[in-house]
Amino acid sequence: MKIMVCLKQVPHQDARLDVRPDGSWIEEDNLKFETNSYDTYALEEALQTKDATECEVVAVSIGPSRVTQALRTALGMGADRAIHVQDAEAEGSDALGVAKILAAVARDENPDLIYMGLMADDGNFAAVPPMLAELLGVPHTTAALKVNRENGNLKVDREVEGGAHEVVELKCPCVVAVQTGLNQVRYASLKGIMAAKKKPLDVKTIADLGLSGQVGAASAKITIEKVSVPQKGGSAELVTGSADEIAASLLSKIKELGLL
Amino acid sequence: MGSILIVAEIQGGRIREASFELAVYAQKIAAATGREIASLVLGKDVAGLADGFAKKGGGRVFVADHELLANYCVESANAAIRAAIEASGADVILLSNTPSGWDVAPRIAAGLDAGFVSDCSDVAVEGGELVFKRRIFNGRLDAQVRVRSDAVVATMQPGSTEPFSGSSDGSVTKLDVSLSSDTAKFIETKVAESKGVDLSKADVIVSGGRGMGAAEKFAEVLQPLADALGGALGASRPVVDAGWLPHQYQVGSSGQIVAPKLYIAAGISGAIQHLVGMKGSNFIIAINKDPDAPIFEVADLGAVGDLFEIVPALTKAVQQAKG
Chain A
7 MKIMVCLKQV PHQDARLDVR PDGSWIEEDN LKFETNSYDT YALEEALQTK DATECEVVAV
67 SIGPSRVTQA LRTALGMGAD RAIHVQDAEA EGSDALGVAK ILAAVARDEN PDLIYMGLMA
127 DDGNFAAVPP MLAELLGVPH TTAALKVNRE NGNLKVDREV EGGAHEVVEL KCPCVVAVQT
187 GLNQVRYASL KGIMAAKKKP LDVKTIADLG LSGQVGAASA KITIEKVSVP QKGGSAELVT
247 GSADEIAASL LSKIKELGLL
Chain B
7 MGSILIVAEI QGGRIREASF ELAVYAQKIA AATGREIASL VLGKDVAGLA DGFAKKGGGR
67 VFVADHELLA NYCVESANAA IRAAIEASGA DVILLSNTPS GWDVAPRIAA GLDAGFVSDC
127 SDVAVEGGEL VFKRRIFNGR LDAQVRVRSD AVVATMQPGS TEPFSGSSDG SVTKLDVSLS
187 SDTAKFIETK VAESKGVDLS KADVIVSGGR GMGAAEKFAE VLQPLADALG GALGASRPVV
247 DAGWLPHQYQ VGSSGQIVAP KLYIAAGISG AIQHLVGMKG SNFIIAINKD PDAPIFEVAD
307 LGAVGDLFEI VPALTKAVQQ AKG
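Listed in order, the protein sequences are those of chains A and B.
Quick note: the first sequence uses my numbering, first residue 7, plus one each step.
Quick note: the second sequence uses my numbering, first residue 7, plus one each step.
Hint data in this document are derived by calculation from the structure and do not stem from the laboratory.
It is possible that part of the hints are untrue.
The list that follows gives simulated cross-link-like pairs (lysine-lysine, BS3-like), each with its CA atoms no further than 27 Å apart [as the list claims (entries may be wrong)]:
#1 B/Lys295 x A/Lys238
#2 B/Lys223 x A/Lys261
#3 A/Lys227 x B/Lys295
#4 A/Lys38 x B/Lys295
#5 A/Lys261 x B/Lys285
Let the hints inform the model, and build the full structure from the sequences given.
Have a look at this one:
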């Protein structure tokens, strides 16, 4: 069995976000990056399958050289191989461009199952997994909170409104976009990190994938613009001062509300 | 130029409010571009709902009534929507950002080689181009997304606009669809078990987020405040994902929706999924060290500072006031 896991590196969740002067995105130069939170659950799910059965886990990521770090971590956690699509031509791809790149990798790899996060912590588009499935002509589901194998098919509990779960059955190969909290993500052991250095990490270009001229900013169907810090639309009254002064202001409001 | 296709969604045997919000967005785009409006009502035994939608912004309503559309399933939904797009000649397709919408919409876009934008809170037409408004970085930043392709699929955030009011002219057409469930099957819906904690009954909820830092901090720092105020403890999603508190404490779109007299949010940034769960509260106090945290947009009273100093100080003040 082969599982392909798609990972994205995103700015660290607590990173200070400075908008570029042209409003096209944020300044990424001095930022710390981490693996997209949703994708860590995807990788963990693949590794749990590998713990239980004969399985090869291939981690895939697209991006500049810093992405190597994310892939080495994935290998350290237990993935068998990694593929790094590194090419300036991929920069500025929209979700469809990313899906095209991942589809090309998937056609070479022929996995039984593709796991990835429901969305990325930066763009929050939640677009790539269903697009990837459409391009590959396979079924997909999103917001997976439990995955079981049954008679060669996948039975997935997906999260819907109000905390309810919708149960769907998919034929493999398929794409499963996971929700956070699906499992408890493991840490890479020291032994795992050492072993990771010897595991294969292949670098591919856009030309290698036969996608020249089809991805990147020039092919993107949407443009992100006017990125800005939201205006304080609400009417929040901000209280300042020492902790005790703030506490006193809050207490006085609580009394006004008749709650004491 | 093609038409606009609204994909309506059925919930509890009726067309849900979010679909009537799509009608408002469709009207806005139609007014600015001269496009016609069409819609798709899909489900089982839903023909009776089509007329009502035609009169409330649905325009030319196509009805796809089929056993395999009784519950959402990606294979049948994808096929039905593609059939409606062809029948209506749509190049702007609108869905709501609900669990069904976010599941199928990107797939539709890829199949059409169209542009895609999700979870949008508004749309405008500038120089003939569609420009959508949405948030990025989990609600921390605003962004606009301009569509450069000929066709676009967009999901709109439920509750981001008022539903269609007044009445409109429309029509109803049956859409014959040939559907299958060879690769995907809906099995069942499991309703959330409500074990223990029913936050909807609490007058006061003291809720913590990722900013609490660790599981123990809930018992150490927040519980005393909740106790002093006679309230209940709550949590945002990351807290539950991290295993710090069980799911029954989760406030948000996939947890409990609450509207207490007082909601105190400590160390919660305010991602939309959480805001949806508590913005109906009578009074909201937010404590966060980040002045740009989205939670301050819904808060009535906010304190920018260290919750590990402010919350204990508040607990002490409340205890003293109670005597």
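Okay, the hints, checked on the actual structure:
1. Between the alpha carbons of B/Lys295 and A/Lys238 the distance comes to roughly 16 Å, so the proposed pair stays at or under 27 Å and holds.
2. Between B/Lys223 and A/Lys261 the CA atoms are separated by roughly 26 Å; this keeps the pair inside 27 Å, and the hint holds.
3. With a C-alpha separation of about 38 Å, the suggested pair A/Lys227 and B/Lys295 falls outside the 27 Å cut-off, and the hint is violated.
4. Pair hint A/Lys38 plus B/Lys295 holds up; C-alpha atoms about 20 Å apart against a cutoff of 27 Å.
5. Using a Cα cut-off of 27 Å, the hinted pair A/Lys261 and B/Lys285 holds, with the two alpha carbons roughly 21 Å apart.
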